[in-house]
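Protein chains: 2
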Amino acid sequence: MARTQAADYAERRGKIVDAAAALFAGSGFLGASIADVARACGMSKSLIYHYYASKEDILFDAMHGHVGALLDAANAIVSRHEPAAEKLRALTRAFVRLYAGAADRQRVLLNEMDRLPAAQRRAIVDIQRRLIEIVEDLLSEIRPALSGKAALRTPAAMLYFGMINWMHTWFDPRGRAKSGKIAELAVNLFLDGIRNGEIPA
Amino acid sequence: MARTQAADYAERRGKIVDAAAALFAGSGFLGASIADVARACGMSKSLIYHYYASKEDILFDAMHGHVGALLDAANAIVSRHEPAAEKLRALTRAFVRLYAGAADRQRVLLNEMDRLPAAQRRAIVDIQRRLIEIVEDLLSEIRPALSGKAALRTPAAMLYFGMINWMHTWFDPRGRAKSGKIAELAVNLFLDGIRNGEIPA
DNA sequence: CCTACCGATCGGTAGG
DNA sequence: CCTACCGATCGGTAGG
Numbered sequence: 001m002a003r004t005q006a007a008d009y010a011e012r013r014g015k016i017v018d019a020a021a022a023l024f025a026g027s028g029f030l031g032a033s034i035a036d037v038a039r040a041c042g043m044s045k046s047l048i049y050h051y052y053a054s055k056e057d058i059l060f061d062a063m064h065g066h067v068g069a070l071l072d073a074a075n076a077i078v079s080r081h082e083p084a085a086e087k088l089r090a091l092t093r094a095f096v097r098l099y100a101g102a103a104d105r106q107r108v109l110l111n112e113m114d115r116l117p118a119a120q121r122r123a124i125v126d127i128q129r130r131l132i133e134i135v136e137d138l139l140s141e142i143r144p145a146l147s148g149k150a151a152l153r154t155p156a157a158m159l160y161f162g163m164i165n166w167m168h169t170w171f172d173p174r175g176r177a178k179s180g181k182i183a184e185l186a187v188n189l190f191l192d193g194i195r196n197g198e199i200p201a
Numbered sequence: 001m002a003r004t005q006a007a008d009y010a011e012r013r014g015k016i017v018d019a020a021a022a023l024f025a026g027s028g029f030l031g032a033s034i035a036d037v038a039r040a041c042g043m044s045k046s047l048i049y050h051y052y053a054s055k056e057d058i059l060f061d062a063m064h065g066h067v068g069a070l071l072d073a074a075n076a077i078v079s080r081h082e083p084a085a086e087k088l089r090a091l092t093r094a095f096v097r098l099y100a101g102a103a104d105r106q107r108v109l110l111n112e113m114d115r116l117p118a119a120q121r122r123a124i125v126d127i128q129r130r131l132i133e134i135v136e137d138l139l140s141e142i143r144p145a146l147s148g149k150a151a152l153r154t155p156a157a158m159l160y161f162g163m164i165n166w167m168h169t170w171f172d173p174r175g176r177a178k179s180g181k182i183a184e185l186a187v188n189l190f191l192d193g194i195r196n197g198e199i200p201a
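First to last, the protein sequences are chains E and L. Numbering follows the numbering used here, with no gaps: position 41 of the first sequence is 41. Numbering follows the numbering used here, with no gaps: position 123 of the second sequence is 123.
To be clear, the hints were calculated from the coordinates, so they are not data collected in a lab. Keep in mind that this is a model prediction, so the values were computed, not measured. All C-beta atoms in this analysis are idealised placements derived from N, C-alpha and C, irrespective of residue type, glycine included. Fair warning: there could be bad hints in the mix.
Heads up, simulated DSSO-like pairs for lysine-lysine below, C-alpha to C-alpha not over 27 angstroms straight-line [stated by the list, open to error]: (1) K149/L to K178/E; (2) K149/L to K181/L; (3) K15/E to K45/E; (4) K45/E to K55/E; (5) K55/L to K45/L; (6) K149/L to K181/E; (7) K178/L to K149/E; (8) K178/E to K149/E; (9) K149/E to K181/L; (10) K55/L to K55/E; (11) K178/L to K149/L.
Here are the in silico distance ranges between beta carbons for each label pair [said to hold, decoys possible]: (12) A145/L to Y9/E: 54 to 60 angstroms; (13) A84/E to V125/L: 36 to 42 angstroms; (14) A151/L to A84/E: 28 to 34 angstroms; (15) P144/L to T169/E: 24 to 30 angstroms; (16) R39/L to N75/E: 44 to 50 angstroms; (17) R130/L to T169/E: 16 to 22 angstroms.
From the structure, some residues in chain L lie toward chain E, with a derived Cβ separation under 7 angstroms [said to hold, decoys possible]: (18) L159; (19) G162; (20) K181; (21) D192.
When you get a sec, could you build the whole thing from the sequences and use the hints?
Right, here's the structure in full:
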């Protein structure tokens, strides 16, 4: 029995966005051409444009699926009944696992945001903003003094993301330390610092 | 009295590399053309190629001057007679100040490394490697247990750079917290974490 | 008249 | 130090 057309459609779009994410991650959005994407998919360039209206739409799809998965995981974790510190641990493990499983998309997300048209960029930034707020809230719960210094809430969350977001750009899978262990080190350092570190006046 | 040609030469190269760094930071290396650089300098495209043999050579110059300044500052600080923790504080302040004063070059350094030819990329990576070793040594001095876990020395240093390297990509100069204060928060958190945080087995 | 798709080529612009 | 160009390739679209 033949597949339905609708199923084929979703399948092909998935194939395109996967191949494009790999090429955009390796060569950059401008450095990889639609012809490259078509070749990687075994399709004609015109067929790519049957499934996506523009190169930017493919980029958006790759980014949007990725940040959507991050937000879903984050929401599931913060809805649990656990101490905030444990939630931050679980969140870090989830992020590192999702970054590793979607390394191309994560790299594209970090490097190619400026290539999106304004409306699409806003949609991605909105989701990232919600992820940042989730971390801000956890940090404020762990260190109530941070709520008093509202100006430092977002910077503290951004320092956290700084530690883990770029991990897979320098992480060496052949190295002795596995990514799970590095994530554990990161959250240990950060939790201890956020609990006890001096907050500048 | 007319300037010597040699003085003019260095001056023009400086003007080109400054304009190029700004354009590469704003549009990406592939997104900014040599014609854009020429226009920004009030020069012809051909004149640009009188001072630089290739677009990549301009990129290398921008990156090399920047990492060179970072390494000089780092070497000056670690040669002082101070506790390691004070050196890490001074280093962080110096990095954040240099990043702010060369925001374009810092952004280009973080985003466009892959555009360099292999030999030039190696030259930059070598200097970055020395910066990482300086931080590794300081962290091992602050937390001797880190020397025992050799596999975590480099990851710990990279987590440090993760916190501060990308600061100026999210930092809002109009925000309430100044960059100096955020740097202070970052080093407080990290120092406390590195002193007391649990190091995974 | 629709969809799904092809080979060939469009007008412009890139680095050099 | 400029105008005039090149080989190639870009993202996107034509007719059928």
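Consistency of the hints with the structure:
| no. | hint | in the structure |
| --- | --- | --- |
| 1 | K149/L to K178/E | holds (13 angstroms) |
| 2 | K149/L to K181/L | violated (32 angstroms) |
| 3 | K15/E to K45/E | holds (14 angstroms) |
| 4 | K45/E to K55/E | holds (11 angstroms) |
| 5 | K55/L to K45/L | holds (11 angstroms) |
| 6 | K149/L to K181/E | holds (12 angstroms) |
| 7 | K178/L to K149/E | holds (13 angstroms) |
| 8 | K178/E to K149/E | violated (36 angstroms) |
| 9 | K149/E to K181/L | holds (12 angstroms) |
| 10 | K55/L to K55/E | holds (25 angstroms) |
| 11 | K178/L to K149/L | violated (36 angstroms) |
| 12 | A145/L to Y9/E: 54 to 60 angstroms | holds (56 angstroms) |
| 13 | A84/E to V125/L: 36 to 42 angstroms | holds (39 angstroms) |
| 14 | A151/L to A84/E: 28 to 34 angstroms | holds (29 angstroms) |
| 15 | P144/L to T169/E: 24 to 30 angstroms | holds (29 angstroms) |
| 16 | R39/L to N75/E: 44 to 50 angstroms | holds (48 angstroms) |
| 17 | R130/L to T169/E: 16 to 22 angstroms | holds (19 angstroms) |
| 18 | L159 | holds (5 angstroms) |
| 19 | G162 | holds (5 angstroms) |
| 20 | K181 | holds (5 angstroms) |
| 21 | D192 | holds (4 angstroms) |
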